[in-house]
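Participant: Required output: the full structure, derived from the provided sequences and hints.
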Amino acid sequence: TQLLEQSPQFLSIQEGENLTVYCNSSSVFSSLQWYRQEPGEGPVLLVTVVTGGEVKKLKRLTFQFGDARKDSSLHITAAQPGDTGLYLCAGDIGNTGKLIFGQGTTLQVKP
Amino acid sequence: DAGITQSPRHKVTETGTPVTLRCHQTENHRYMYWYRQDPGHGLRLIHYSYGVKDTDKGEVSDGYSVSRSKTEDFLLTLESATSSQTSVYFCAISDMPRDNYGYTFGSGTRLTVV
Chain F
1 TQLLEQSPQF LSIQEGENLT VYCNSSSVFS SLQWYRQEPG EGPVLLVTVV TGGEVKKLKR
61 LTFQFGDARK DSSLHITAAQ PGDTGLYLCA GDIGNTGKLI FGQGTTLQVK P
Chain G
1 DAGITQSPRH KVTETGTPVT LRCHQTENHR YMYWYRQDPG HGLRLIHYSY GVKDTDKGEV
61 SDGYSVSRSK TEDFLLTLES ATSSQTSVYF CAISDMPRDN YGYTFGSGTR LTVV
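Quick mapping for you: the protein sequence lines, in order, are chains F and G. Position 43 of the first sequence, counted from 1, bears residue number 43 in the numbering used here, the numbering being contiguous throughout. Position 9 of the second sequence, counted from 1, bears residue number 9 in the numbering used here, the numbering being contiguous throughout.
In short, the hints are calculated from the structure, not lab data. Incorrect hints may appear among the rest.
Covered by chain F, per the in silico footprint, the following chain G stretches (three or more residues, Cβ under 8 angstroms) [unchecked claim]:
id	stretch
1	42-49
2	104-114
Calculated lysine to any residue pairs in the SDA-like style (CA-CA distance at most 25 angstroms, straight line) [claimed, not checked]:
id	chain 1	residue 1	chain 2	residue 2
3	F	57	F	17
4	F	70	G	60
5	G	11	F	86
Values in this document were obtained by computation on a predicted structure and should not be read as measured data. From the three backbone atoms N, C-alpha and C, an ideal C-beta is built for every residue, glycine too.
Facilitator: Next comes the structure, spelled out in structure tokens:
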């Protein structure tokens, strides 16, 4: 069974702080995606990274794909209460279209 | 999402009864997936479809079957529901897995087996 480990599982911070969420595996991924999920809703795609070493920015969110395509990180700068939610990483092994998901990181940003 | 709907949104059923969940899409996407989400496990793939009448098993397929007779509909059936199948079920669609554009998820079905 391929595993995708996310850390931390829970994060509670004050508005304005920075944070990083990590996603690690022993498997090589053809692509890796990050999703954000709010209570009672399905996950929503934030970004897809494909190339080893790739960095993508989405406003205050920075996503990085490891050089070996086995790990990824999500960095949020100056977190806001609207960033609160469950963040999920998901990897595609072998370009099959079937995603393996991490357990998720629950982020709470307090005003 | 407007292009994908799941029904019902909530269901309570008794152990041993069959249950069918429906996923309907208006995007004409080829690929459709059923996942379940449980605390501590993230999302796990149950079954997926790569075209009409073309389906295959995922990681946790035991006790589930699927059917896809039309591009727009993907049905998930719990043949004889058990308490371990209490979960939130998500359907997802994708145009071409190799375009790396990711999934679009439905809003989920919360199923409770009592």
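Participant: Of all the hints numbered above, which does this structure not satisfy? Sort the numbers upward.
Facilitator: none
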